[in-house]
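K.L.:
Kindly produce the complete structure, drawing on both the sequences and the hints.
Chain residues, written in single-letter form:
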Amino acid sequence: MSKSILVVDDTRSMRKMVATVLQAAGYSVEEAGDGAEALERAKTRVFDLVVTDHNMPRMDGVTLVRELRGLPEYDAVALIVLSTETGAELKAKGRDAGATGWMAKPFDPQKMLDIVRQFVA
Amino acid sequence: MSANPAKALGDASAFHAIFFEEADEHLASVESLLLRLDPGAPDAEALNGIFRAVHSIKGSAGMLGFAEIVSLTHVFENLLDLLRKGERALARPEVDAMLRAGDVVKSQIAFRRGSLPQAPDMRGAEADLRELANASTPAAPRKFSVRLGPLASPIDAAELEMMLAGLADMGELGERAIDNIAGGEVRFELSLTGAEADLRSVLALVVDPTLITIGKVAEAKPPVNDESLELFEAPAAFRARRGESRRKSEGRREADRSAPAPQGDASSIRVSVEKIDRLVNLVGELVITEAMLAQEHGSLPDLSRHTRDLQEAVMAIRMVPISAVFSRFPRLVRELAQRLGKEVEIKTSGEGTELDRGMIEKITDPLTHLVRNAVDHGMEAPEARIAAGKPRAGTVSITASQRGGSIVIEVRDDGRGLDRNRILARAAERGMNVPEGASDREVWQLVFEAGFSTAEAVTEVSGRGVGMDVVRRNIQSLGGTVELASTAGAGTTVTVSVPLTLAIIEAMTVGVAGKTYVLPLASVVESRRVGRDELRGIAGHGSTLRVRDDYLPVRRMGESGEIAVIVESESGRAALMVDELIGQQQVVVKSLESNFRRIPGLSGATIMGDGSVALILDVAHIVSHQGDAKCKPLPTLQ
Amino acid sequence: MQTVTNLAVAQPRTAAEAEGREFLTFRLGAEEYGIEILKVQEIRGWEVPTAIAGTPEFIKGVINLRGTIVPIVDLRLKFGLEKANYDEFTVVIILSVARRVVGIVVDAVSDVVTLAPEQIRPAPEFGASVDARFITGLGTLGERMLVLADIERLMTSRDMQLVDHATQNA
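Protein chains in written order, with the numbering used here: chain S, 5 to 125; chain P, 7 to 644; chain V, 13 to 182.
Some hints could be false.
[Claimed, not checked] Here are the simulated lysine-lysine pairs, BS3-like style, with alpha carbons at most 30 angstroms apart:
id : chain 1 : residue 1 : chain 2 : residue 2
1  : P       : K91       : S       : K97
2  : V       : K51       : P       : K281
3  : P       : K521      : V       : K95
4  : V       : K51       : P       : K368
5  : S       : K97       : S       : K7
6  : P       : K368      : P       : K353
I should point out that these hints are in silico values taken from the structure, not numbers from a laboratory.
P.N.:
Printed below as a string of structure tokens:
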């Protein structure tokens with residue numbers, strides 16, 4: 005059974021692009037449009053990796069990361085934040101919340117695949 | 007590592023369509039949020055919403071390599087960030103600049119989509135945004151290294167001391183090496199927020215300008231992490247930790263694996279209009295077939311009910327809130343008012359009122375024209391308003407509500423109102439015959455005549471050959487009505503009434519001279535048999551029928567007719583004489599105009615249970631038609 | 013008691029056919045006309061339309077065509093031909109023109125023909141029953157002479173009274 009990745013972004017085109025890159029590499033992908041929806045999804049099944057945007061309505065990426073870290077099942081699941089924002093302060097918050105890594109948008113598909121491969125459960 | 011990430015996605019054009027669609031939605035949201043912002047007390051949520059929308063567009067545009075869009079939205083985003091953090095006050099210039107920028111982005115998208123031949127010039131919009139954004143942040147202090155010399159002769163010590171003290175006041179004096187002797191140099195570093203030119207002029211007070219050398223010391227930039235990736239945990243460590251954690255929770259995990267949830271967020275889907283129309287048509291035919299069945303074999307209550315429910319559900323799909331039309335008005339009013347030098351506020355209510363989508367498309371133009379009229383012709387200039395004791399800013403209010411089987415839309419302004427004398431004068435000019443002592447209402451009706459306009463100049467704004475006559479005709483072709491009401495000096499109200507849905511109505515079927523006709527049940531008050539002696543004739547005006555305290559005009563469609571059906575429209579009541587009352591049923595309204603044309607007196611046709619066509623009578627026409635010799639004979643009435 | 017013929021556009025079988033245009037031919041009085049096959053939706057027999065008072069005599073009324081209201085124009089009456097009877101042999105051609113569906117009553121439908129460019133000559137000056145404005149050319153097929161009509165232009169013209177020219181494009 006292929007590895008599953010949850011892609012979270014409120015921008016549909018962005019989600020599709022990330023999903024396509026990952027699917028092409030053989031991962032099975034699910035999508036969520038904001039942090040709250042992602043959290044619900046994440047509770048129904050345990051994904052092998054999560055890629056999330058930060059700026060989203062209802063629940064932002066860093067908060068999602070924090071929430072996910074609160075779930076024991078996600079202890080060992082890599083949570084990558086993919087965002088246009090790369091300010092040091094925000095990144096520190098992400099790190100404190102338990103993010104595994106922070107990737108800048110626009111992203112390099114190859115780089116993303118490398119990281120995913122290294123961190124997927 | 008590829009230089010252009012977009013290339014790595016292979017054929018990105020598939021994403022283009024999604025991006026364009028999304029961008030449209032984001033831009034619409036940006037515009038609507040911007041228009042609703044109250045500069046005095048900007049809503050934080052709204053600012054965040056606008057920020058997020060622009061941010062989204064920027065992100066996706068970046069992925070697809072649309073550099074010019076990224077560039078503009080980046081500057082846009084900067085300003086928004088300052089605004090939402092409260093580091094910059096929001097005022098009209100900011101809102102205007104952002105609205106303009108939104109328009110340019112829209113054009114940029116259009117260009118990328120292929121609907122514009124060339125990319126729009128974004129420099130103006132970009133510059134405006136940049137200026138507004140930069141105006142807020144204090145200019146960052148810059149470091150200068152100053153060298154005065156080689157000196158021909160020493161600078162007066164006191165003067166030098168004063169100058170240095172003065173510079174220290176202006177900024178921050180750094181390292182200095184002062185060799186104030188002939189052939190020597192005075193050197194120092196200075197951190198200053200001012201311009202280099204200002205510094206130079208200060209120094210020139212003390213030494214010969216040719217001896218001044220100012221160099222900029224490169225600012226050590228605050229460390230900006232522009233790495234495209236930062237890992238907070240090394241892969242190896244992560245894997246090690248994971249291994250342990252896994253062993254612990256293996257059992258739990260197994261239990262948690264459930265069937266994958268459906269992909270994507272499907273809270274709404276897009277369906278083509280053709281598919282919907284086809285669905286509506288099919289359900290309409292189902293209704294007819296069910297009626298046929300009921301006629302022949304008696305009805306099955308369950309089938310009847312299910313058919314009816316299905317019909318309602320399908321019709322509901324076509325219903326669209328009228329906000330789809332109203333949403334364009336705030337921007338329209340704002341720009342129009344600005345262009346004309348007037349101050350106009352707009353108020354809308356009843357945006358949630360739903361209309362059949364076919365209806366929405368057709369009332370958009372007429373309503374837009376009415377709103378333009380209100381601002382252009384109806385509203386006075388601010389000075390005139392104040393002189394008249396009115397508030398400086400005029401108000402145009404647009405309301406929609408459902409009343410029975412119709413949707414009523416009012417466009418009201420508190421402007422100068424219709425000028426009765428002007429209208430009468432214009433009518434006289436055009437050789438129109440207006441009876442003495444005509445009521446205000448009758449005078450307003452003249453405005454609907456073709457080519458009639460009392461505006462001094464047909465302005466570029468509202469006079470595009472679309473007059474009130476076309477507005478009325480358009481509304482009437484939908485089976486609706488338009489009425490004008492006005493008070494001089496106080497304002498004008500235009501009331502538009504259209505049927506709730508074009509498609510299905512409760513109807514009463516009647517027979518006249520062997521043919522079946524249909525009347526909308528909502529317009530039928532009552533019916534009864536009448537004897538000839540009950541009809542009173544009035545010379546030159548046909549007959550009347552007394553119904554309780556009213557004398558109603560009698561309308562005939564044939565020779566006989568012993569049953570009177572009292573019908574009612576906005577303008578009053580009339581008694582329509584028919585031969586028989588056949589029944590009551592729901593009918594699917596079919597347009598006569600899609601393949602034919604509008605026939606006065608008919609508001610459509612329907613297909614009866616036996617497949618035959620029955621004509622639907624236009625009640626407004628029945629009531630208001632005079633039937634005297636001067637008017638053209640009614641097609642169906644005599 | 014309606015005969016319904018649905019016309020599918022045939023695939024060109026020969027090179028000549030591929031080059032030529034297909035026309036439906038019909039008789040109206042003494043003349044034979046040809047109209048572009050793509051404008052023809054179907055051919056039906058006669059059914060009594062629902063008359064609408066106040067419309068010209070040549071507009072017979074409207075019929076129900078599978079749920080759509082379609083007006084029927086009797087071209088024989090419009091062009092002042094003598095005979096105009098309605099029986100089981102009367103033919104109605106349902107047209108799809110200018111995004112509308114309308115029906116015309118003619119004397120008889122002949123067949124579908126393909127005319128190569130050489131078989132079409134420019135329209136004559138003298139008139140047929142149809143105003144020269146609406147004639148695009150003359151087709152020759154052996155002995156037959158076909159008056160090729162621009163049926164879309166004809167049906168949407170002002171004096172056909174099918175289209176409300178004032179609110180067009182509203």
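K.L.:
For every hint, state whether the structure bears it out.
P.N.:
Hints and how they fare:
1. Between K91(P) and K97(S), the direct Cα distance comes to roughly 18 angstroms. Compliance with the 30 angstroms bound is thereby established for this hinted pair.
2. For the hint linking K51(V) to K281(P), the alpha-carbon distance of about 23 angstroms falls within 30 angstroms, and the restraint holds.
3. Between K521(P) and K95(V), the direct Cα distance comes to roughly 27 angstroms. Compliance with the 30 angstroms bound is thereby established for this hinted pair.
4. Annotation: proposed proximity of K51(V) to K368(P) holds, straight-line Cα distance about 27 angstroms (limit 30 angstroms).
5. Distance hint between K97(S) and K7(S) is fulfilled; the C-alpha atoms sit about 28 angstroms from each other, no more than 30 angstroms.
6. A C-alpha spacing of about 22 angstroms is found between K368(P) and K353(P), which places the hinted pair at or below 30 angstroms, so the restraint holds.
Of the numbered hints listed earlier, not one is contradicted by the structure.
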